[in-house]
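Those protein sequence lines, which keep their order, are chains A and B. Residue 1 is where the first sequence starts when you use the working numbering, and the numbers rise one by one after that. Residue 1 is where the second sequence starts when you use the working numbering, and the numbers rise one by one after that.
Just so you know, the hints here were simulated from the structure itself, not pulled from any lab data. Where a beta carbon is used, it is the ideal one built from N, C-alpha and C, also for glycine. It is possible that part of the hints are untrue.
[Said to hold, decoys possible] Derived contacts from chain A toward chain B, CB cut-off under 8 Å, selection only:
| # | residue |
| --- | --- |
| 1 | Trp8 |
| 2 | Thr26 |
| 3 | Leu105 |
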Amino acid sequence: MGTLTDSWPVAELDSVRRLRVIARSTPGISYAEQVIAAPYDRVWALASDLESQMPMLITDIRSFTVLSAEGEHLEALARSPLGLRARFDIVLRPGWCLMQSRFLLGGMAAVPEGEGTRFAFFGGLRLPGIRLVDFLLGPVKDPLIARALRRFTSQLSP
Amino acid sequence: MTTVPDTGVPGSTGAAELAALVRAAQRGDSLAVQELLDLLTPYIGRLCGPIALQDGPDATQEALIVIFRRLGQLREPAALFGWARVIAVREAVRLARAAGRAVPDPLHDVPARDDPQLAADVRDVLERLSPAHRAVLVLRDLEGLDEHAVSALLGVPEPTVRTRLFRARRNFRKAWER
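Just need the whole structure built from these sequences, with the hints factored in.
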């Protein structure tokens, strides 16, 4: 090219913005985000401990067991209080986690912001036709996600 | 190393693999959406950065949201990058216009490809152009499109896209005014 392409400005997308892209382009999702007054390393160490955090954040999950891990790809088994089981495929990276089962979808992202951390969290249903009833589900699922986020941040209170 | 068809965008993903990924994402597989996001984000960031400048991350985010919301409309997976480019450039221009930042010492023409000032300080040139003119520059110099293609993509007449050696012209004007 005629000009030095290396010197052209490039826009970067951090992991919270990436999670927003998935959350805002996927029907059936409820999303919450906030700045937590705790350093990124502490927040992500807690969030990425999926076996302890998933049952705490999602009341429908009694236990969450990682079955295998290959690089950033994990496979886990979730059990509900009624004994129902669901297998999750997970991608876990620093500041990024996305997981899906046949019927559920979840994600977390974190980036340092000042002395704290911007933390984002979403969950939702993967069902055919969910786009058609998405607006009806908002009032039900939005408070669930907000409560999950509160349960998470309360563990980081000084 | 393979090249994604219709785009000239280099990448390690082959055409068949890309097509499978697009189809899976269209069916609602979010892990496929994430893989496509990994592939598209650097490309969209390179388009939105020079057009939206300080609003580049916002423009990249908004462009990708539109791209993934409309992914179901993409018939031909091989056309992904070209299709996404149209959305990204339009979103970046829209967002940069909406931000309404003042342009210091504005330039009214897009510099020609071989303009020495462009090679010397591309950021300074970009900051003095309107968002639409920045888009012309990006499509022509980064994406290698001709005037006709740029005009069609941006929906502006070809004379608007036509470029000049503005530095030379400005110098000439200065000399003439002396």
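Hint check:
1. The beta carbon of Trp8/A is positioned within 8 Å of a beta carbon in chain B (closest approach about 5 Å), and the interface hint is therefore held.
2. The closest approach between the C-beta of Thr26/A and any C-beta of chain B is roughly 6 Å, which is under the 8 Å cut-off, so the hint is satisfied.
3. Annotation: Leu105/A was flagged as interfacial toward chain B, and the flag holds, the nearest CB pair being 5 Å apart, inside 8 Å.
Checked against the numbered hints listed earlier, the structure breaks none of them; every hint is satisfied.
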